[in-house]
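Here the structure of chain A is known, so what remains is to put chain B in place on it, guided by the hints.
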Amino acid sequence: KAGVTQTPRYLIKTRGQQVTLSCSPISGHRSVSWYQQTPGQGLQFLFEYFSETQRNKGNFPGRFSGRQFSNSRSEMNVSTLELGDSALYLCASSLDGTGGAQTQYFGPGTRLLVL
Amino acid sequence: AQSVTQLGSHVSVSEGALVLLRCNYSSSVPPYLFWYVQYPNQGLQLLLKYTSAATLVKGINGFEAEFKKSETSFHLTKPSAHMSDAAEYFCAVSAAGGGSNYKLTFGKGTLLTVNP
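Protein sequence lines correspond, in order, to chains A and B.
Sequential numbering of the first sequence, starting at 77, is according to the numbering used here.
Sequential numbering of the second sequence, starting at 33, is according to the numbering used here.
Possibly wrong hints are sitting among the right ones.
[Said to hold, decoys possible] DSS-like cross-link-like pairs, simulated, lysine-lysine; straight-line CA separation at most 30 Å: (1) B/K101 / B/K81; (2) A/K89 / B/K81; (3) A/K89 / A/K133; (4) B/K81 / B/K140; (5) A/K133 / B/K101; (6) A/K77 / B/K81; (7) B/K100 / B/K81; (8) A/K133 / A/K77; (9) B/K140 / B/K101; (10) B/K100 / B/K140; (11) A/K133 / B/K81; (12) A/K77 / B/K100; (13) B/K140 / B/K90; (14) A/K133 / B/K140; (15) B/K90 / B/K101; (16) B/K90 / B/K100.
I should point out that these hints are in silico values taken from the structure, not numbers from a laboratory.
With the rest of the complex left out, here is chain A:
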């Protein structure tokens, strides 16, 4: 079974631009979560989608948004980019996200650099 895939793997943007990142979950997985990883803040939860609905949200400004499609693929969007948005963005999928014992499977990440 193919793992979680994320595109693109690397991205360079300038301040003020917007960016869209894509995530394809493992086949059959319906829950997709997004995390931001930076050296200073570590891994921080952005949001989780299930059945095209945002079900859980972290403490990030409204510039960060996402969506999920009927095939469970997910995108996240960051508008009006700031230098501090430079990070590795990780996507993770799980079967349905309910029950705390479910394993989340991570993709390789998209490394975003904002200049």
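Here is chain B on its own, set in the frame of chain A:
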């Protein structure tokens, strides 16, 4: 609210030595606990998880962890380090974020270096 504290941002061991990575958690409800490993330029890979069955959990690559409720700890160990174990290790706790929805809260990570 839930949180994870990993003691030691950097641990260095010799090849063949014991690996001990420390993790303490805080959770108001019974937690599920995970250890993930991240190799350079890669995503996170699950090493093992605690789901309230056995308190001693065995994972991949010879790693294991013991859940100790009285100490709110979930330390990761491996009897003999290998060069290929060099990576960053993350402890995470999963607890209900609202309703039945769970989210992972990660520690800051511990970078393990293995010296020949």
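Starting from A/K133, check that the Cα of B/K101 is at most 30 Å away, please.
holds, 28 Å
CA of A/K77 to CA of B/K100, is that 30 Å or under?
With a Cα-Cα distance of about 35 Å, the restraint between A/K77 and B/K100 is violated, given a limit of 30 Å.
Are A/K133 and B/K140 close enough, with their CA atoms no more than 30 Å apart?
The hint holds at about 20 Å.
Could you grab the alpha-carbon distance between A/K77 and B/K81 and see if it respects the 30 Å cut-off?
holds, 21 Å
Straight-line Cα separation of B/K101 and B/K81 no greater than 30 Å?
holds, 15 Å
Proposed proximity, B/K90 with B/K140 (alpha carbon, max 30 Å):
holds, 23 Å
Would you check the hint for B/K90 and B/K101, treating anything up to 30 Å between C-alpha atoms as holding?
Distance ~18 Å between B/K90 and B/K101 Cα, so the pair holds.
Hinted pair, alpha-carbon criterion (30 Å max): B/K100, B/K140. Please report holds or violated.
holds, 20 Å
Against the 30 Å threshold, does the CA-CA distance of B/K81 and B/K140 hold or violate the hint?
Answer holds: B/K81 to B/K140 is near 18 Å, not above 30 Å.
Are the Cα positions of A/K133 and A/K77 separated by 30 Å at most?
holds, 29 Å
Is it true that the CA of A/K89 sits at most 30 Å from the CA of B/K81?
Given that 30 Å is the threshold and the Cα spacing comes to 37 Å, the pair is violated.
Taking 30 Å as the top limit, are the C-alpha atoms of B/K140 and B/K101 close enough?
OK: B/K140 and B/K101 at ~21 Å, within 30 Å.
Going down the numbered hints, you'll see the structure goes against 2 and 12, while the others check out.
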